[in-house]
Amino acid sequence: MRTPLSIAWHRKVANWLLLGLCLAALGAAVAVLLAVLGYVTVQGAGGLNLDFLTNTPRPVGDSGGGMANAIVGTLILVGIAVVVGLPVGIGAGIYLAEYGRGRLATVVRFVADVLTGVPSITIGLFAYALLVVPLKSFSAFAGGFALGVIMLPVVTRTTEESVRLVPASLREAALALGVPRWKVIARIALPTALSGIVTGALLAVARVAGETAPLLFTAFGNQFWSWSLRQPIAALPLQIFVYAISPYDDWHRQAWAGSLVLVGLVLLLSIGMRLVVRRQRYGG
Amino acid sequence: MIPPILAKMRPPEQSPLALADAHSLETVRLSAGYGERPAIRDVNLTFRPGQITAIIGPSGCGKSTLIRCVNRLHEVTPSARVAGQVLLDGADVYAPGVDPVLVRRRIGMVFQRPNPFPTLSIFDNVAAGLRLNGIDPGKSLPDLVWEALDRVVLWDEVKDKLRQPGTALSGGQQQRLCIARALAVAPEVLLLDEPTAALDPMATLKIEELLRELKRDYTVVIVTHNMQQAARVSDVTAFMLAGLDNAGVVVEVGPTHQIFTNPTDRRTEEYITGRFG
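Those sequence lines, one after another, are chains A and B.
Per the numbering used here, residue 1 is the first one in the first sequence, and the count goes up by one each step.
Per the numbering used here, residue 1 is the first one in the second sequence, and the count goes up by one each step.
Keep in mind the hints are simulated off the structure, nothing from the lab.
Among the hints, a few may not be true.
[Stated by the list, open to error] EDC-like, lysine to aspartate or glutamate: derived pairs with alpha carbons at most 20 angstroms apart:
| id | chain 1 | residue 1 | chain 2 | residue 2 |
| --- | --- | --- | --- | --- |
| 1 | B | K139 | B | D150 |
| 2 | A | K183 | A | D250 |
| 3 | B | K206 | B | E194 |
| 4 | B | K206 | B | D235 |
| 5 | A | K183 | B | D136 |
| 6 | B | K161 | B | D150 |
| 7 | A | K183 | B | D99 |
| 8 | B | K206 | B | D156 |
| 9 | A | K183 | B | D235 |
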């Protein structure tokens, strides 16, 4: 029997149906994202002004004031989280990708996966028990530490995946030049995997920047400026939480503005890091 | 950067890179495999300086494994095992206490697929071996990069884009870049694992011309699927074949013209006349 030149109608229908389903799913996903961003922008833009970005909160009843201390507080907390989470996470990821064959690696991988699924409030409790109770004080460091622990498994696994994706041919090329193993990892595998590692780190940072629960009893929040790592510190998500559940319209506006700033911070960070990575790509 | 004056200079009669004396290489009862699975058995071959030795044979006969044993790259693969000796100027590279890293510096290798480092520029790719190994070349790095690129007849094609990534070049150029990268660390032996398998005929021709140049200064070993290539470039040809247990053995070795015109072993004749493989 000859093969017909035109496709049977039911295949065409099946094709259109599947394509339609995929497009619908895509549309739904993008629509939700745009709706969230759009709503936050519309609601937040009203409360966003210089006052909001430069002042600390005012007492109840006083209108005005802002979240400057919370913006700085979030940056400090994320900074601590990066210092705590990134080196350990990247190191563990490299170990898993380069040397991880034995039982230890299986255990580390399993623990990392379990840790990814642990509710963030549990990690907050862990930081509370480990740092807040012994030091008898809520502190920026405890909050940053909790965020760093949340980052850890994400960074570990994305680093592992990125380093593993570096083609064996590149490692062999370097080894064949008489380059020692550790240098092949440090100078060939890591730079090649850099964009993947940065993406993973950004994902982790974006996730912890908006975390509220683990900060409740670690960083605790603060109505005033604080630069000390040993004192309670304000954070945008905490401030948003407190303002959003308050009965005051002015605070609601500020909560929306705070959300907008938080989203903007994460966006800026992502764009900035990508530019840096792209520039370094062929710097040699 | 390259001093502009270099771009105008004519290559010297004898490039200093060429001063690296070619050295003899010999395998003695070399066997290797992966876990329980054997790949080659009792390979005895001598690779002479100033000659190109081609290793031919059907897929899976252990050609690649053989040369990967020579520069101790085979053992990088998990579960890999090696027995026997590889003598570089009479010294066994598998002797206790020998550092595989140093072995690989003396025995360069070029792979089947061109594999320039994607994060490095053309210049840095050539300089990579020296930089990563912290070798003091005893002269300026730009000079050495120029020499290596000139040696592989790539300088004129890339002199204006040394800062561009090595992966931006064509396949044939990338492979010559990889050869330049291997030569820059001044090895004594050059191993090539099907270096033209991924290249078009013109690029293949250029690599083959280059190999004929290089054999004056290096001991060259080339693994190839392409019998015409072996006939064109090599002085000595070794024919390998996998036995019933899949372990590759050397069936016949001799001067290339003899292997291709008057082989003594029936299996060699069958292979080169295209009856299998």
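Tested hints:
Our distance criterion of 20 angstroms between C-alpha atoms is met by B/K139 and B/D150, whose separation comes to about 16 angstroms. A distance of roughly 57 angstroms separates the Cα atoms of A/K183 and A/D250; the hinted pair therefore is violated under the 20 angstroms criterion. Simply put, B/K206 and B/E194 have alpha-carbon atoms about 14 angstroms apart, close enough for the 20 angstroms limit, and the pair holds. With a C-alpha separation of about 18 angstroms, the suggested pairing of B/K206 with B/D235 holds against the 20 angstroms cut-off.
Between A/K183 and B/D136, the direct Cα distance comes to roughly 17 angstroms. Compliance with the 20 angstroms bound is thereby established for this hinted pair. Simply put, B/K161 and B/D150 have alpha-carbon atoms about 15 angstroms apart, close enough for the 20 angstroms limit, and the pair holds. Proposed proximity of A/K183 and B/D99 is supported: the alpha carbons are some 15 angstroms apart, at most 20 angstroms. Pair hint B/K206 plus B/D156 holds up; C-alpha atoms about 14 angstroms apart against a cutoff of 20 angstroms.
Taking the CA atoms of A/K183 and B/D235, the gap is about 37 angstroms. The hint is violated against a cut of 20 angstroms.
When held up to the earlier numbered hints, the structure conflicts with 2 and 9 and fits the remainder.
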